[in-house]
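Chemist: Listed below are the residues making up each chain.
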Amino acid sequence: MTWQRSRIRLDDDNRAFWTGGREGRLLIHRCNDCHGFIHPPREVCRHCQSENVAPHVVSGAGRIDTYTVNHQKWAPDMEVPFVIARVALDDAPGVYLTTNIVGCPVDAVDIDDRVRVVFEEQDGIWYPLFEKVD
Amino acid sequence: MAGEAFISGVGMSEVGVRLTRSPLGLTMDAIREAVADAGLTLAQIDGVSTYPGKMPSFLGFSPIGVDEVIEACGLKTRWHTGAAEATAQLGAIADAAAAVKAGLARHVICFRTVYEAAALARPEAFPPLERRRDVTGNSQWVSPFGAFSAACWTAQFATRHMKRYGMTREQLAQIALNDHRNAALNPRAIVKQPLSLDTYMAARMISTPFCLYDCDRFTDASTVVIVSAGEALDEVTSTPVRIAATAGSVERYSWDQAEWASAYPTGRDLWRNTDYTVDDVDLVQFYDGFAFQPITWLEGLGFCEVGEGHRFIEGGTRIALDGELPMNTGGGQLGWGRLHGFGFAYEAVIQLRGQGGARQVQGDPQVAVATSGGGPMAAALLLARD
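Chains A and B supply the protein sequences, listed in that same order. To convert a position in the first sequence, counted from 1, into the numbering used here, add 2. To convert a position in the second sequence, counted from 1, into the numbering used here, add 48.
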């Protein structure tokens, strides 16, 4: 896809997530006390209310929880159809990323397919997309 | 009837697409009709409740708030609220019911005004949003991936229902077909003609499995419900409908983390809050911004087992006006228009009073459920003429 993705306004909570791809890292907030994951990233752990939270490198491996094939051009430069998916991350239990599945035909995607992260950079934001793993 | 809450009046503006009457004008039309319907005057109104409150940054999504209504009507309120962080649209009516039960107000105007079609058509008055720059909050987790619309978000859970439980497009189609059939009998609905299964199956896709007919479309309208305290019913001349129970829930305000399953806990809670049971319900008005949501409401409220909602509506006869559980008798949002939740409460009251005209459910219905949301947020009202 070559269309212009939404440009994020970076802040202290979300900067690690949206820029970690520069080093090829998918960063998800984690609590250093209870080790629970906090997504969307916030400064308080939603599991134990600790404020000792920080971005944590995860593997970027996951599975497709569910998906849709989008056919509507929500923006003029959008190339359709494409897959919007909800990916469950292997090593961040309870966290789901809405993303695109790239690198395969739209009809090759199914629930429970194994995927891994690939980053697409636009204007200083590294968007985590996913591709199928055989 | 002391300590109880009732719907004493309902009103609605013209419903259309790209109306030229102003949002406040439409709101006043609906208020005047509802107040007259209840047999009240504005001087007797002492409360206002709306969802989500004024949101100028979202074009015509919610152009009118509590402020404009209090000013325009010259009200002296004792209680009012307009909250986007409520459970869901009908949460504004549930909150009003709680307020009158607590003695905080006697007669509350509850309203929802939508102006999305007109706003889109008049960019000079409603400058288009730049949706792709400086994105913050929840939309940052979905919009970069082209998931701008709730159609895409909701579609993912419809996909899962298909894969997990075997729902087909032909089964899903019954929501839109039923809505169109009923809307054609409703003079206020946008849709004027029934829809055939062939036309539905041939329609262009929006986001699988949703085609064009599975998604509501921008509408301009205002809907008003007046909630009155049982203690104040002697001032009312209409047939009051009791708010027998309310329930609501939010799964996660971070919608991208939700399982789109809030109809299930809300459905269970509704029956905990009443002596009525699911067997007492004569008709239902289920939120259908997207055709999948009524299926989760059927399951969540216990009209069928989880994973059986699509089989419940198969063929459409069970949910038709003359079926065992008439659904969305005024056309729902797919047929009547995107009234954004309040249309379901309005229509439930019309049916329980026997005022449905050509679309009236026969057999003197007395108990109805009206819902809103059903994805990450949900609200439900149990309404009874008892």
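Please note: incorrect hints may appear among the correct ones.
[Said to hold, decoys possible] Restraint-style ranges between C-beta atoms, simulated for each label pair: (1) A:Asp14 / B:Thr365: 14 to 22 angstroms; (2) A:Asp14 / B:Thr322: 25 to 33 angstroms; (3) A:Asp14 / B:Leu260: 19 to 27 angstroms; (4) A:Cys50 / B:Ser187: 43 to 51 angstroms; (5) B:Gln403 / A:Arg17: 50 to 58 angstroms; (6) B:Gln92 / A:His37: 38 to 46 angstroms.
[Stated by the list, open to error] With a straight-line cut-off of 27 angstroms between C-alpha atoms, the simulated DSSO-like cross-links for lysine-lysine are: (7) A:Lys75 / B:Lys211; (8) B:Lys102 / A:Lys134; (9) B:Lys240 / B:Lys211; (10) A:Lys75 / A:Lys134.
[What the hints assert, rightly or not] Short, incomplete list of chain A residues facing chain B, as computed with Cβ under 8 angstroms: (11) Thr4; (12) Asn34; (13) Cys36; (14) His37; (15) His41; (16) Ser61; (17) Tyr69; (18) Asn72; (19) Val104; (20) Lys134.
Honestly, the hints are just simulated from the structure, not real lab data. Using N, Cα and C, we set each Cβ at its ideal position, and we do this for glycine too.
Chemist: With 8 angstroms as the cut and Cβ atoms as the points, is A:Cys36 at the interface with chain B?
Modeler: Where the cut-off is 8 angstroms and the nearest Cβ of chain B is about 18 angstroms from A:Cys36, the hint is violated.
Chemist: Taking the beta carbons of B:Gln92 and A:His37, is their distance inside 38 to 46 angstroms?
Modeler: 58 angstroms, violated
Chemist: Is it true that A:Cys50 and B:Ser187 lie within 43 to 51 angstroms of each other by Cβ?
Modeler: 28 angstroms, violated
Chemist: Just tell me: holds or violated, for the beta carbon distance of B:Gln403 and A:Arg17 against 50 to 58 angstroms?
Modeler: 57 angstroms, holds
Chemist: Double-check A:Asn72 for me: the hint is only fine if its C-beta lies closer than 8 angstroms to a C-beta in chain B.
Modeler: 5 angstroms, holds
Chemist: Classify the hint on A:His41 as holds or violated, based on whether any CB of chain B lies nearer than 8 angstroms to its CB.
Modeler: Cβ of A:His41 sits 7 angstroms from chain B, so the hint holds.
Chemist: Given a cut of 8 angstroms on the nearest C-beta pair, is the interface hint for A:Thr4 held or broken against chain B?
Modeler: 12 angstroms, violated
Chemist: Holds or violated: is the Cβ of A:His37 closer than 8 angstroms to a Cβ in chain B?
Modeler: Interface hint status for A:His37: violated (18 angstroms vs cutoff 8 angstroms).
Chemist: Close enough to count: is the Cβ of A:Tyr69 nearer than 8 angstroms to one in chain B?
Modeler: OK, holds: A:Tyr69 within 8 angstroms of chain B, min 6 angstroms.
Chemist: At the C-beta level, are A:Asp14 and B:Thr322 separated by a distance inside 25 to 33 angstroms?
Modeler: With a Cβ separation near 46 angstroms, A:Asp14 and B:Thr322 fall outside 25 to 33 angstroms, so the hint is violated.
Chemist: Quick check on the hint: A:Lys134 CB to chain B CB, less than 8 angstroms?
Modeler: 16 angstroms, violated
Chemist: Are A:Asp14 and B:Thr365 spaced within 14 to 22 angstroms by their CB atoms?
Modeler: At 57 angstroms between Cβs, range violated.
The earlier numbered hints that this structure contradicts are 1, 2, 3, 4, 6, 8, 9, 11, 12, 13, 14, 16, 19, 20.
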